[in-house]
Each structure stands twice: as structure tokens, then as C-alpha cells.
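Student: Fit chain B to the supplied structure of chain A, relying on the hints for placement.
Same order as they appear, the protein sequences are chains A and B. Numbering-wise, my numbering puts 146 at position 146 of the first sequence, and it's gapless, one number per residue. Numbering-wise, my numbering puts 2 at position 2 of the second sequence, and it's gapless, one number per residue.
Careful, some of the hints might be misleading.
[What the hints assert, rightly or not] What the simulated footprint calls covered on chain A by chain B, stretch by stretch (three residues with Cβ under 8 Å from a Cβ of chain B suffice, anywhere in the stretch; the number is not a length):
(1) 40-48
(2) 91-104
(3) 210-220
(4) 284-295
[As the list claims (entries may be wrong)] Computed beta-carbon distance windows for the label pairs:
(5) Gln-273(A) x Arg-91(B): 49 to 59 Å
(6) Lys-50(B) x Asn-85(A): 20 to 30 Å
(7) Ile-62(B) x Lys-47(A): 17 to 27 Å
(8) Gln-241(A) x Ile-62(B): 41 to 51 Å
(9) Thr-8(B) x Arg-30(A): 43 to 53 Å
Worth flagging that the hints you see were computed from the coordinates, not collected in a lab. Backbone N, C-alpha and C fix where the C-beta goes; we use that ideal spot for every residue, glycine too.
Chain residues, written in single-letter form:
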Amino acid sequence: MTKQIIVPFGPQHPVLPEPIHLDLVLEDERVVDAIPSIGYIHRGFEKLVEKREYTEYVYIAERTCGICSFIHGATYCQGIEQIMNIDVPERAQFLRVIWSEYSRLHSHLLWLGLFADSFGFENLFMNAWRIRERILDVMEQTTGGRVIQGSCKIGGVRKDISNEKLDEMRRDLNSIENEIKNLTTVFLQDDSIKHRLRNVGKLSKEDAYHLGAAGPTARGSGVAIDLRKTGYGAYGKLNFQLVTDSCGDCYGRCAVRAKELFTSIDLIRQSIQKIPDGSIDVKVTGAPNGEFFARAEQPRGELVHYIKGNGTKFLIRSRIRTPTLTNIPPLVRMLQGCELADVPVIVLSIDPCISCTER
Amino acid sequence: MTLEIQETVPVEVGNLIGKVEEFRDGGYRLVQINCSKVGDVYEINYSFDKDYVFKNLRITVIADTEIPSISGMYWGAFIYENEMHDLFGIRVKGMNIDFKGHLFTTAVKFPFSIAPSTPVKGEKP
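Bound-form chain B, shown alone:
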């Protein structure tokens, strides 16, 4: 059974903005951005859709890599980028709305990161 064909294109961090611009200029909408921890690296997927054709851009980064924000092209991207920061500790440069780590309240700082912090007893998260 096949629900839909989903294309995933790996890109370098330095080429991300240019590739996202191509999607924006092509009339695609941003569906979502998500981050996954895979071994020692993070995979970040940027998903787009146009007329039910679903495409992904994927960057693979190590911890402490700073990635550029795409909120200049897709204004609503700030919600996903803040989420990536708060759950994985990914640093995103140039977000149009930066919650500075306060979008999600978690007991453990960066709970999905490769090395999550240990909660201190009695300390307010």
C-alpha cells in the first residue's frame, strides 16, 4: 500500500535558505519543521506541500551547530524553530519571534537533546 510519494532532499546548512526560497517562490506552503535525534546528530526536516505534493528538505547537524531561521520567508516558522530550541537545544539564528527558551516549560532542559540536563531537586523548571 502507498499513501503518497514523499521526496526527501538532503541539503547543507549553508544552502538551506536558498533551497527554502525556491519552495517559497514555487508557491509551496510550509507544513512543518521537525527535529530528530539520530545517534550523535540531529536530523531536521523542513516539509512543504503544494497541491498535495509533499516534499522535504533535510539538514543533518551536530550539537551546538547554529542554523539559520527561515521565518523571514515563512513567517509562521517561528513556532517550530522555538520548539526545536526548547526541546532539542538547537540554536536558531534570526527568528522573528524568539521566546528565548520559554515556549515549552519542561522539567528537564532540552529533554530531547543528545545530552539532556539533570533536573536539580527543588529547582523550578
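Just chain A, same shape as in the assembly:
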């Protein structure tokens, strides 16, 4: 029997933007098991509901993540609005979709850059992040913030986008789309990238479903789940096709994210075309009394904000279940049987956001 050894991977590693630790059980160069550990950056966000009023907690919710911050805030607001039976104006719903999809573009481009960096394709990394800057510029111009937008509030949104600015954004999307086409062509067709990613970190469709995989990790294994299809916000008024890939390997997960960039651009275009005039918020009075599991599709997958109130200004409970948390068990399955040299690429292929996960 081959001798087994344990190699620690992380919490500090060049490929990891945030700390996660894996004990890799090896037989020669082959990983036979991986035991994950997190907990290095637990911030106790959920505890803050005891000290911040439910209206202020939007800012806390947004700061759960520095990449998909807007979607965290919007999902929290959706949950409170559901409990308090608040009808959000339609214009605000469309604005939320626009900013959510810009967040997805930003997140996927950031990940594509990091992923290229993980297999040594520095030029591709720089090009992905160059395009991402254009997305962040739009976020900053329309909300005032590149990373934390602060534009969502219970009952609607804080800021409107003028129709002239929406037209400008629509025109800019054409050149952004062309740049993304050039970028994704390399990701999807370059032989060296295919060679590096094909059949690496395989996750079957059955495993992806039963282990609770979410987002591109699930869709990259052929599981067609996307919470936007439930029609929350203004998504019910927009048409889009789910992007899936049946490979279940690192290439499949990369392909899903690359193709989803075009879905996001299309959703923004549709929103700009359909957004009605009108108010962007409603006055909110009272306090939430009840509970709801608010669900939304983050760039990394299904996000759940569980909110429970008792009629006072302080919630009893806010629980944030992020997609990375639920993607950790599938990651362990992907690592079983892989080569040690493939571990960094496989870990990055789930787009881990550990700060989100630990909250």
C-alpha cells in the first residue's frame, strides 16, 4: 500500500485571494482526500443585527462582500420588503437588475483574470481586468461607489439613473461587448488553456446537485439552476437562457462564466429598454414582524438571506448563506483523485469568496 502523507494547502497561498486551509491527503502525487478548514476571517456580521436597526443593516449586508456587495444589499432589502409587504416601484426594480448585472460582469471579469493568472497567462489577466475597469467606472458614475455602492435601500433605491445616462450606458455596452468577445474567444478556444483545464477537477451532474453546488459550479456540471429564473425583482419581465456546460471540469466552469458575461449584457440592454419612468422608492414605516428566506442569484450562485423580525427595529436573526459556503463540499469532491499540481486551479475554479462565507 502506498504511504499516505498530508500536505497543508493554505491558508496563505499565491492563488488564494483570501484564506482557506486544506489538508491534502496524498498518495504519491495524487490527492485522495481533502479536509477543508475556514474561520480565519470570521467577522461576526450576523451578530450586528442586535446593535443596528433593520434599516441600517443594509450597509452591513452590503459589506459582506467586496465584489457582489450590491446584490447582498438588494437581497436583504427584498427579504425585509417581503415581510413588511412593501411594493417597490417598478423603476427601482429595474435599476436593481441593472446594478446586479453590472456586479456580475465585474465579478466574472475579476474571476477570469484571477483564473488566467492561476495558470500563468498574465496577458489575459491584465486584459480581463482592463475591461473590468470600464464596468467599475459605470458603477462609480451611477452610484458613487466602485466597490460598495450604497444605492439600495428598503423600499427602493437611493439614486436614479437619468435616461440620457442609460442611453450612454447602452452605447458603451457595444464596445464593452466587443472587447469581451475578444477576451472570451481566448478563454474558450486557446489550445493551451483547453489543455490545462480539460478533465481537471471533474464534478458529475449528480454530485453537483446532491452536494449542493451553486451558480457556475453547478451549471458547469450541467445542473440548470439559476435563481433569476424565479423572477424576483424585474427578472420576471426579462428573457434569458441559462448557460450550462456538461463537462463538469474546470474548463466547463470557466466556459459558463465566460458565456454568462453576454447574458448579463443582454439583461442590462433589456432593462434599459423596458425601464419605466416613475418614482424610485416608497416611504417605509413600522418594523418587520415575521421571517423570510430571501434568495437571489449572485455571480457565484444562490445567495440566501434569512431574516427574522419581531416587530421591533432590531431583527432577531439575520443569517447569510453564501454560495461559496455551499460550494465547499463539491470542492472537496473535485479534489479527490486529482494531481497535486492541479489543486490551485481547481480551488480557484469555484471562485471562492471566503470573506463572504465567514461573514
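Tutor: For chain B alone, kept in the frame of chain A given last:
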């Protein structure tokens, strides 16, 4: 406005495994497990989804109740069960991966529990 209908079914701790088996056999995926402190008790929600239909099982337990792990049916449940243990002090029996309190590092032991411990000055958490 209604985002989606969410059904929550209260179950006894002793019936939990049987009910979870029904969800597994019915093709549901595990969305999440979460624990909430409500007065003197803990509410633990097990959430499942199939074709965007969202359902919950809820058990209500007092402190020091040992609950069974569902990681035998949903392998990935260990991540939520360890979290419940580390933040609330809920004892979960039979987890497939047991971090023994080391998944989350917190300054206060079981910070969300009904009676969290007081940190000792100078002691490493």
C-alpha cells in the same frame, strides 16, 4: 408583493431523519441549515429546493439537546452542522466531518448561544 411561497413544517427531533430522507428520496437538494436563538430555545431550519419550490423543516430544541446529523443523507451538510456547533453550541451527533469546534475561530466561545462564555483576558480564542 410575493417573491415565492415558502412552506415551513415543524417536526420533532426524533422524526427529523425520516423527514429528511423523504426530501432526499423526492429529489430535493439541500439549500441550507440555519439556527436561530428565539427566547430560551433554538429554532433550526433545514431548507430544501426542487425546481425552485422552497420547503423548510423546523426543529425547536432547548440548550444541550443533541441532534442527529443529516450528513449521511446530504454529504455536504457537515459545513452547516459544524457552523451550528461553533456559533451556537448545538451538539450534532454523527457528522461525517467533525471539526470539533475549530471551523470558526471566535473570541467568545459559542457567541450566538443562549449563554455565551466570557472571554478571558489574554487567552487565545
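Student: Determine for every hint whether it applies to the structure shown.
Tutor: Status of the hints after comparison with the structure:
no. : hint                               : result
1   : 40-48                              : holds (count 5)
2   : 91-104                             : violated (count 0)
3   : 210-220                            : holds (count 3)
4   : 284-295                            : holds (count 4)
5   : Gln-273(A) x Arg-91(B): 49 to 59 Å : holds (55 Å)
6   : Lys-50(B) x Asn-85(A): 20 to 30 Å  : holds (27 Å)
7   : Ile-62(B) x Lys-47(A): 17 to 27 Å  : holds (22 Å)
8   : Gln-241(A) x Ile-62(B): 41 to 51 Å : holds (49 Å)
9   : Thr-8(B) x Arg-30(A): 43 to 53 Å   : holds (45 Å)
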